[in-house]
Amino acid sequence: MPVKRMGSKATFLATVARLGPDLFADQVAQDHQTLFGATVFRLMQVKLHQAMKHAHIGMTL
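The letter at position 25 of the sequence shown is residue 5 when you use our numbering, and the numbering goes up by one with no holes.
Hints were generated in silico from the structure; no laboratory data involved.
Mixed in with the good hints there might be a few duds.
Restraint ranges, calculated between C-beta atoms of paired labels, are given here [to be verified]:
#1 Gly(-13) <-> Arg22: 38 to 46 Å
#2 Thr14 <-> Ser(-12): 32 to 40 Å
#3 Thr(-5) <-> Ala31: 18 to 26 Å
#4 Lys27 <-> Leu(-1): 31 to 39 Å
#5 Phe(-8) <-> Val26: 25 to 33 Å
#6 Thr(-9) <-> Val26: 15 to 23 Å
Heads up, the beta-carbon is just placed ideally off N, CA and C, and yes, glycines get one too.
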């Protein structure tokens, strides 16, 4: 069965949908590191990573 190729707009939207949450989580983690210091940052980083890991289960392009 042949694989159907996605158009460039669909490919872009799929990439944004997949990478957007990771980039947002990284930005939030960086903001928290600046504001609250290393101890709180480490806890937030672990919690955000776990949340993003669960959100990505089953996602494919």
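Q | Distance restraint evaluation - Phe(-8), Val26, Cβ atoms, bounds 25 to 33 Å | A | With Cβ atoms ~31 Å apart, the hint holds.
Q. Within 31 to 39 Å or not, the Cβ separation of Lys27 and Leu(-1)?
A. Distance hint for Lys27, Leu(-1) is violated at roughly 20 Å.
Q. When you take the CB atoms of Gly(-13) and Arg22, is the distance between them in 38 to 46 Å?
A. holds, 42 Å
Q. Is the hinted range of 32 to 40 Å satisfied by the C-beta distance from Thr14 to Ser(-12)?
A. holds, 37 Å
(Q) Tell me if the beta carbons of Thr(-5) and Ala31 are separated by a distance inside 18 to 26 Å. (A) At roughly 21 Å between Cβ atoms, Ala31 and Thr(-5) fall inside 18 to 26 Å, so the hint holds.
Q. Okay, Thr(-9) versus Val26 on CB: inside 15 to 23 Å?
A. violated, 32 Å
Of the hints listed earlier, those the structure fails to meet are numbers 4 and 6, in rising order.
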